[in-house]
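J.: So for the sequence shown, this note's numbering puts the first residue at 7; every next one is plus one.
Rather than coming from a laboratory, the hints here were simulated on the basis of the structure. Values in this document were obtained by computation on a predicted structure and should not be read as measured data. For glycine and all other residues, C-beta sits at the position ideal for the given N, C-alpha and C. It is possible that part of the hints are untrue.
Per label pair, the in silico range of CB-to-CB distance [said to hold, decoys possible]:
id : residue 1 : residue 2 : range
1  : Asp-178   : Gln-225   : 15 to 25 Å
2  : Ala-16    : Lys-62    : 17 to 27 Å
3  : Phe-199   : Gln-225   : 52 to 62 Å
4  : Ile-122   : Glu-46    : 40 to 50 Å
5  : Lys-146   : Asp-65    : 47 to 57 Å
6  : Asn-181   : Pro-116   : 13 to 23 Å
7  : Asn-189   : Val-44    : 19 to 29 Å
8  : Glu-46    : Lys-14    : 14 to 24 Å
9  : Glu-46    : Pro-116   : 33 to 43 Å
10 : Tyr-18    : Asp-118   : 27 to 37 Å
11 : Lys-140   : Lys-40    : 17 to 27 Å
12 : Asn-194   : Arg-39    : 20 to 30 Å
13 : Asp-178   : Lys-40    : 50 to 60 Å
With a straight-line cut-off of 25 Å between C-alpha atoms, the simulated DSS-like cross-links for lysine-lysine are [unchecked claim]:
id : residue 1 : residue 2
14 : Lys-134   : Lys-64
15 : Lys-183   : Lys-173
16 : Lys-64    : Lys-14
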Amino acid sequence: MYLTDVAKDAIYRCHYIAGYKYTLNIIEDIIDRKIQEVYEVTMSNQERIYQDIYLKMKDSDYCAIPFTGDANFSESEVVDRLLELFGDDNVEIIPGISSIQIAAAKSRVPLDKAHIVTFHVSGDIEQKKLELVKAILEQKSAILLPRPWPRDITRRFMESDIAIFLKEKGIDTSNLKVWVFENLTQYNKETIFKGKVNELEKMEFSEISVMVIDQVKHQTYLQLG
Numbered sequence: 007m008y009l010t011d012v013a014k015d016a017i018y019r020c021h022y023i024a025g026y027k028y029t030l031n032i033i034e035d036i037i038d039r040k041i042q043e044v045y046e047v048t049m050s051n052q053e054r055i056y057q058d059i060y061l062k063m064k065d066s067d068y069c070a071i072p073f074t075g076d077a078n079f080s081e082s083e084v085v086d087r088l089l090e091l092f093g094d095d096n097v098e099i100i101p102g103i104s105s106i107q108i109a110a111a112k113s114r115v116p117l118d119k120a121h122i123v124t125f126h127v128s129g130d131i132e133q134k135k136l137e138l139v140k141a142i143l144e145q146k147s148a149i150l151l152p153r154p155w156p157r158d159i160t161r162r163f164m165e166s167d168i169a170i171f172l173k174e175k176g177i178d179t180s181n182l183k184v185w186v187f188e189n190l191t192q193y194n195k196e197t198i199f200k201g202k203v204n205e206l207e208k209m210e211f212s213e214i215s216v217m218v219i220d221q222v223k224h225q226t227y228l229q230l231g
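Take the sequences, apply the hints, and build the full model.
T.: What follows is the structure, given as structure tokens:
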């Protein structure tokens, strides 16, 4: 578990904690349920919970809303709502270590040579999809978060969907190297798939996954003169 000390300190001092089940499980060891009020958030109840906490909080109270990874990546829709509800001056965003960073390290694909995109959003992703195609055609690597959508299969864009989409756009996916990481930092659950993009077409991965399309050409400072 890659949990920073500053994040731990923030959680310790909070009277209220609200997060998704997966996230709460990760930080369970540092939660004191005897003195902290803990709320499990879902897509359907999050607005009610945030408003309930807002109405309960006193001026001296703190609330932690933890995310897996970095709140500055793939969580903007929630963060924007918290800023709106609690006020900009009352919200501190503590950056974390994202799955994107960890996947980049494990695949040895540098962030500065990759197209980085999240499809893990509620809004329209059609432009993001076209930008992914453009990046692949330009021989860039890509590090991305797929989009699970169990309630509406037409809106999901998981690894198998991405593989089919890229093939439909004329990309030779049989020669495109790929990594898929699941449950990163959960050492007893972490899995790694390494192969070609076309192999993903009939494969299923969990909602907690990161995909890396590896087209990196390693270049050292010696080659740069």
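J.: Let me make sure I understand: some of the numbered hints might not hold for this structure. Which ones are they, in numerical order?
T.: 3, 4, 11, 14
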